[in-house]
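Spelled out from the first residue to the last, the chains are:
There are 2 protein chains.
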Amino acid sequence: MKNDRLIFVTNDDGYSAKGFAAAIEVAREFGHVLAVAPATPQSGRSQAVTLFEPLYLELRHREEGLEIYSFSGTPTDCVKMAFDHMLGDRRVDLVLSGINHGSNSAVNVLYSGTMGAAIEGSFYGCPSVGLSLTDHDADADFGAARHYAREIVKSVLERGDDCSRPLCLNVNVPDLPLAEIRGVRVCRQCRGVWREEFFRQEHPEGKACYTLTGNYTNFEPEADDTDEWALRNGYVSVVPVQVDMTNYGHLPFLEKILK
Amino acid sequence: MKNDRLIFVTNDDGYSAKGFAAAIEVAREFGHVLAVAPATPQSGRSQAVTLFEPLYLELRHREEGLEIYSFSGTPTDCVKMAFDHMLGDRRVDLVLSGINHGSNSAVNVLYSGTMGAAIEGSFYGCPSVGLSLTDHDADADFGAARHYAREIVKSVLERGDDCSRPLCLNVNVPDLPLAEIRGVRVCRQCRGVWREEFFRQEHPEGKACYTLTGNYTNFEPEADDTDEWALRNGYVSVVPVQVDMTNYGHLPFLEKILK
Numbered sequence: 001m002k003n004d005r006l007i008f009v010t011n012d013d014g015y016s017a018k019g020f021a022a023a024i025e026v027a028r029e030f031g032h033v034l035a036v037a038p039a040t041p042q043s044g045r046s047q048a049v050t051l052f053e054p055l056y057l058e059l060r061h062r063e064e065g066l067e068i069y070s071f072s073g074t075p076t077d078c079v080k081m082a083f084d085h086m087l088g089d090r091r092v093d094l095v096l097s098g099i100n101h102g103s104n105s106a107v108n109v110l111y112s113g114t115m116g117a118a119i120e121g122s123f124y125g126c127p128s129v130g131l132s133l134t135d136h137d138a139d140a141d142f143g144a145a146r147h148y149a150r151e152i153v154k155s156v157l158e159r160g161d162d163c164s165r166p167l168c169l170n171v172n173v174p175d176l177p178l179a180e181i182r183g184v185r186v187c188r189q190c191r192g193v194w195r196e197e198f199f200r201q202e203h204p205e206g207k208a209c210y211t212l213t214g215n216y217t218n219f220e221p222e223a224d225d226t227d228e229w230a231l232r233n234g235y236v237s238v239v240p241v242q243v244d245m246t247n248y249g250h251l252p253f254l255e256k257i258l259k
Numbered sequence: 001m002k003n004d005r006l007i008f009v010t011n012d013d014g015y016s017a018k019g020f021a022a023a024i025e026v027a028r029e030f031g032h033v034l035a036v037a038p039a040t041p042q043s044g045r046s047q048a049v050t051l052f053e054p055l056y057l058e059l060r061h062r063e064e065g066l067e068i069y070s071f072s073g074t075p076t077d078c079v080k081m082a083f084d085h086m087l088g089d090r091r092v093d094l095v096l097s098g099i100n101h102g103s104n105s106a107v108n109v110l111y112s113g114t115m116g117a118a119i120e121g122s123f124y125g126c127p128s129v130g131l132s133l134t135d136h137d138a139d140a141d142f143g144a145a146r147h148y149a150r151e152i153v154k155s156v157l158e159r160g161d162d163c164s165r166p167l168c169l170n171v172n173v174p175d176l177p178l179a180e181i182r183g184v185r186v187c188r189q190c191r192g193v194w195r196e197e198f199f200r201q202e203h204p205e206g207k208a209c210y211t212l213t214g215n216y217t218n219f220e221p222e223a224d225d226t227d228e229w230a231l232r233n234g235y236v237s238v239v240p241v242q243v244d245m246t247n248y249g250h251l252p253f254l255e256k257i258l259k
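Protein sequences appear in the order of chains R and E.
With the first letter of the first sequence counted as 1, position 26 gets the number 26 in this note's numbering; the numbers rise by one all the way through.
With the first letter of the second sequence counted as 1, position 108 gets the number 108 in this note's numbering; the numbers rise by one all the way through.
Bear in mind the hints are in silico, worked out from the structure with no lab data behind them.
No incorrect hints appear here.
Heads up, the list lumps identical chains together, so a pair's fine if it works in one copy or across two of them.
Straight-line distance between alpha carbons at most 16 Å, and here's what the computed EDC-like set of lysine to aspartate or glutamate pairs gives: (1) Lys259 - Glu151; (2) Lys259 - Glu158; (3) Lys154 - Glu255; (4) Lys18 - Asp137; (5) Lys256 - Asp161; (6) Lys154 - Glu25; (7) Lys256 - Glu158; (8) Lys207 - Glu58; (9) Lys207 - Glu53; (10) Lys256 - Glu151; (11) Lys18 - Asp141.
All chains should be built: construct the whole structure from the sequences, respecting the hints.
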């Protein structure tokens with residue numbers, strides 16, 4: 001059974017990121033692996049696609065049961081390249097995107113290249129899991145994240161098929177030693193926003209340049225059913241993601257004001 | 001009253017796009033205008049943010065009641081720059097993103113730089129309208145789009161405040177002469193996906209390169225309450241957009257399989 005499975009792995013920190021290697025390591029325990037990640041870091045790329053530039057694909061590693069490529073586009077481009085060009089008729093059992101260096105909880109799901117790729121994977125009818133560790137360090141310890149990735153991937157592969165539409169999960173692991181993590185919480189996306197500051201620097205040639213920094217503002221710090229609450233309280237957060245952006249609650253109001 | 005209003009305008013085709021000028025023209029009828037658009041075309045950028053590159057802001061035009069800037073980031077970066085750096089305490093009455101050259105109906109809402117900026121605008125508590133014309137031509141005729149933009153902006157400014165949360169609208173105008181458009185339809189986002197083909201070319205230096213092309217597959221061509229149906233039948237489609245990506249329907253199933 002194991003050897004019949006095919007897992008597609010991608011990432012938004014690029015093919016040389018430690019978190020990409022960690023995701024591949026987990027995926028290999030469950031089947032053959034095709035891995036395609038951006039050639040360069042693509043954090044914050046959301047579900048962007050590259051429309052007007054030619055893109056380059058490069059084989060980086062091949063061994064029995066594993067192929068790793070870099071692709072010069074976005075994480076979403078990597079998914080499209082794999083499913084529309086490389087896979088042919090081969091069926092993928094799971095898309096694994098990550099393990100991201102940094103949190104993708106709350107509103108970050110919208111900015112995240114990791115989650116952009118996971119959502120794109122679900123467009124191909126596959127269950128998909130976006131995995132993130134709340135530690136931006138390039139040399140972060142992915143031990144606990146690998147442990148929970150393994151548990152969640154196993155559950156989705158073995159029991160996820162009962163679901164009407166493919167599952168798409170936004171999984172975040174707190175930056176704690178495995179022994180201190182209190183388990184998995186199924187959550188909803190926390191409401192809140194980033195308030196940015198643009199750090200201004202005078203360029204040597206005289207033009208000012210701006211670099212984005214910011215702080216997250218939690219609009220509902222007391223609610224205990226959100227991903228932010230789970231992470232702050234030592235749990236792994238799992239939010240199921242959907243792609244219908246329609247605000248059904250606003251439909252009747254709009255009908256009224258646009259007549 | 002009119003002169004107290006401030007409208008923020010952005011775009012994803014860049015500050016020199018014809019659709020950006022069309023949106024500014026509409027916005028000026030309702031108040032003062034601050035307009036910040038990317039320095040270069042940013043179609044398909046989704047809600048991407050630029051995390052690690054310094055960005056440059058340039059004043060392009062100033063006259064009474066109007067300032068136009070270019071900014072070297074994404075459409076979402078333009079919104080953040082305006083709200084977090086340029087506006088200070090000034091209150092914005094509406095964010096207008098567009099008029100995009102090309103449709104942003106259905107699943108395109110997720111890939112669209114125009115809608116990424118509109119959604120970002122709603123994060124600042126402003127009503128926001130993303131406007132698109134289903135014609136990719138750089139020299140497209142925005143006559144009908146301007147007409148409906150004016151109607152919808154007027155309704156949102158005058159009557160949108162009754163809403164519990166700020167309205168965020170995905171408006172698409174069919175590529176038809178004004179007289180042939182049958183009116184406005186409030187819709188939901190159509191289900192469907194793009195199936196891409198990567199057009200492969202051999203690079204002169206020997207490396208193959210790939211360019212993204214594709215076709216949209218409508219999963220529910222018969223449903224008459226979707227934006228795709230409205231556009232195909234000569235209506236302007238208006239979909240209210242929300243930013244909670246939680247798939248609430250999947251929560252109980254997940255609780256079961258992750259225990």
